[in-house]
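> The task is simple: from the sequences and hints, build the whole structure.
Residue numbers (UniProt numbering), protein chains in the order written: chain A, 1 to 201; chain B, 1 to 201.
Please note that a few of the clues may not be correct.
One copy or two, it doesn't matter: identical chains are merged, so the pair holds either way.
[Claimed, not checked] Taking lysine-lysine pairs in the DSSO-like style, the calculated list, with each CA pair at most 30 Å apart, reads:
| no. | residue 1 | residue 2 |
| --- | --- | --- |
| 1 | 29 | 140 |
| 2 | 66 | 140 |
| 3 | 66 | 29 |
| 4 | 56 | 140 |
| 5 | 66 | 56 |
If you're looking for bench data, these hints aren't it; they were derived computationally from the structure.
It should be emphasised that the depicted structure is a prediction, and the values quoted were computed from it without experimental measurement.
There are 2 protein chains.
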Amino acid sequence: MATAPQAEQPRTVQRGRPRDASRDDALRKATLEVMADVGYRALTMDAVAARARAGKATIYRRWESKLELVIDTCQELVSRNIPQPDTGTVADDLREFLSTYATLLTGPIGKAAQALVGELPHEPELAEAFRTGFLSSQRKILRRILEAGTARGEIRADAPHGMVVELAGAALTHRLMLIGEPADPTYIDRLVDEALMPLLR
Amino acid sequence: MATAPQAEQPRTVQRGRPRDASRDDALRKATLEVMADVGYRALTMDAVAARARAGKATIYRRWESKLELVIDTCQELVSRNIPQPDTGTVADDLREFLSTYATLLTGPIGKAAQALVGELPHEPELAEAFRTGFLSSQRKILRRILEAGTARGEIRADAPHGMVVELAGAALTHRLMLIGEPADPTYIDRLVDEALMPLLR
Numbered sequence: 001m002a003t004a005p006q007a008e009q010p011r012t013v014q015r016g017r018p019r020d021a022s023r024d025d026a027l028r029k030a031t032l033e034v035m036a037d038v039g040y041r042a043l044t045m046d047a048v049a050a051r052a053r054a055g056k057a058t059i060y061r062r063w064e065s066k067l068e069l070v071i072d073t074c075q076e077l078v079s080r081n082i083p084q085p086d087t088g089t090v091a092d093d094l095r096e097f098l099s100t101y102a103t104l105l106t107g108p109i110g111k112a113a114q115a116l117v118g119e120l121p122h123e124p125e126l127a128e129a130f131r132t133g134f135l136s137s138q139r140k141i142l143r144r145i146l147e148a149g150t151a152r153g154e155i156r157a158d159a160p161h162g163m164v165v166e167l168a169g170a171a172l173t174h175r176l177m178l179i180g181e182p183a184d185p186t187y188i189d190r191l192v193d194e195a196l197m198p199l200l201r
Numbered sequence: 001m002a003t004a005p006q007a008e009q010p011r012t013v014q015r016g017r018p019r020d021a022s023r024d025d026a027l028r029k030a031t032l033e034v035m036a037d038v039g040y041r042a043l044t045m046d047a048v049a050a051r052a053r054a055g056k057a058t059i060y061r062r063w064e065s066k067l068e069l070v071i072d073t074c075q076e077l078v079s080r081n082i083p084q085p086d087t088g089t090v091a092d093d094l095r096e097f098l099s100t101y102a103t104l105l106t107g108p109i110g111k112a113a114q115a116l117v118g119e120l121p122h123e124p125e126l127a128e129a130f131r132t133g134f135l136s137s138q139r140k141i142l143r144r145i146l147e148a149g150t151a152r153g154e155i156r157a158d159a160p161h162g163m164v165v166e167l168a169g170a171a172l173t174h175r176l177m178l179i180g181e182p183a184d185p186t187y188i189d190r191l192v193d194e195a196l197m198p199l200l201r
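Structure representation (structure tokens):
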């Protein structure tokens with residue numbers, strides 16, 4: 001619980017008191033719940049405080065604004081729940097990452113993320129933070145999977161890595177958010193075996 | 001103009017008066033504008049009426065509810081603006097379809113569609129209508145492109161057609177709505193040449 005500025009979360013302001021990590025988590029959980037219920041626009045610090053049975057001042061000591069609170073919540077939960085896979089093969093790394101990501105998007109974080117998507121055109125700061133936080137952490141993991149596979153000689157160095165990274169994330173969000181069908185292991189196997197691996201080999 | 005029930009739009013109710021098509025279009029345009037401004041949840045029939053300088057009764061004579069109005073607006077504009085391409089090759093058909101679709105999603109219809117996406121988890125009827133109207137018309141066109149290409153012997157009959165159809169739509173919506181970068185001709189060429197065609201040949 002360092003109070004030094006964190007490079008990963010430049011928007012998070014640390015004020016006087018030391019942070020209580022479990023308190024922060026309870027507030028993040030409440031944030032997700034409120035956002036899944038009413039969306040980003042209608043979310044208020046008051047509603048989050050009420051849901052977490054905390055004082056509003058407690059929230060403001062930790063996050064300066066609703067935007068900061070929501071972005072920090074999403075970033076924190078994504079980085080905590082999506083580890084870099086290392087199975088030894090690209091196909092299995094992709095399967096592991098996509099399964100973890102699909103599980104995350106199927107739960108409350110996914111509902112909250114979907115509520116955010118609807119707001120992005122109206123909220124440029126939110127859009128910027130969503131992109132640098134949420135999307136780029138996803139891309140970073142995928143890129144590392146492909147780099148490791150290239151180094152092992154398992155996939156072509158001249159394969160369209162950027163396009164595969166984009167399609168992997170696109171397929172999951174489109175299926176879960178727009179089509180509304182599950183991204184279960186059968187689907188993930190199809191995605192990896194019918195599309196992603198053939199483009200890389 | 002016909003007042004007979006239309007198989008494609010089972011939710012649209014035709015009441016006493018004959019429809020005034022240009023009046024309907026003005027109301028649809030106002031619907032899109034209001035939705036792009038405030039989202040689906042905050043949209044009211046009153047706001048649409050005010051924007052179109054129409055009476056609220058005019059709207060209710062044509063659409064029974066906000067849900068019907070929004071869905072009919074999206075379906076009508078999609079079906080009117082996205083023709084089935086027929087260039088003679090799968091690659092060019094895909095390029096033509098994807099460009100038209102990207103243009104549509106980049107304008108007010110896209111903003112409105114994005115606002116809808118954020119509401120889908122909370123609005124099961126809206127989600128159902130969005131899926132059968134908006135998404136399935138997109139898939140139908142893509143499937144016909146692939147069927148024609150298979151019949152011409154241009155692409156493999158055992159290629160993963162379903163996956164390609166899903167990825168084509170996913171790539172565009174993910175790029176425009178989530179990443180927030182343009183789906184310009186350069187991007188569409190990459191999508192077709194680096195990903196979709198290699199999976200089909």
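> Next, verify each hint and record whether it holds.
Cross-check of the supplied hints:
no., hint, verdict
1, 29 to 140, "within (25 Å within a copy, 40 Å between copies)"
2, 66 to 140, "within (26 Å within a copy, 41 Å between copies)"
3, 66 to 29, "within (14 Å within a copy, 33 Å between copies)"
4, 56 to 140, "neither (35 Å within a copy, 51 Å between copies)"
5, 66 to 56, "within (12 Å within a copy, 36 Å between copies)"
Hint check: a violation occurs at hint 4 only; the rest are consistent with the structure.
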